[in-house]
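Chemist: Turn these sequences into a full structure, and let the hints steer you where they fit.
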Amino acid sequence: MNGIDRYSNLTDDQLRLVYVVCETFERATRDEKPSIERQLEAAPSDLKDLLFCELLSIEVESRLDRKETLTIEDYETRFT
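For the sequence shown, the numbering used here gives the first residue as 1, with consecutive numbering after it.
Among these hints, one or two may not hold up.
To be verified - Below, computed lysine-lysine pairings styled on DSSO-like, alpha-carbon distance capped at 30 Å: (1) K48 <-> K67; (2) K48 <-> K33; (3) K33 <-> K67.
Keep in mind the hints are simulated off the structure, nothing from the lab.
As the structure is a computational prediction, the values presented were derived from the model and not from experiment.
Modeler: In structure tokens form, the structure reads like this:
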């Protein structure tokens with residue numbers, strides 16, 4: 001599934017919610033380390049998978065920008 005396809009079945013309200021959650025999360029990564037897990041707890045169940053992918057991408061990019069060390073084990077511990 002490419003990037004566009006994953007959004008094709010969403011309603012306008014769902015798209016707005018994904019946008020707001022991702023923008024808020026991205027802004028928060030500038031000054032703090034927001035929790036993907038906390039965002040997913042509050043998300044509607046039908047958007048959790050999509051939001052997980054988006055938020056994970058934002059977090060990884062942010063951590064790389066800050067020159068943090070990333071390991072698969074860190075993410076496996078958190079998400080498996």
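Chemist: Hints first: check each against the structure and report whether it holds.
Modeler: Quick rundown of the hints versus the structure:
1. K48 <-> K67: Roughly 28 Å separates the two Cα atoms, so the pair holds.
2. K48 <-> K33: 19 Å, holds
3. K33 <-> K67: Distance of about 14 Å is within 30 Å: holds.
In the structure shown, no violation is registered for any of the earlier numbered hints.
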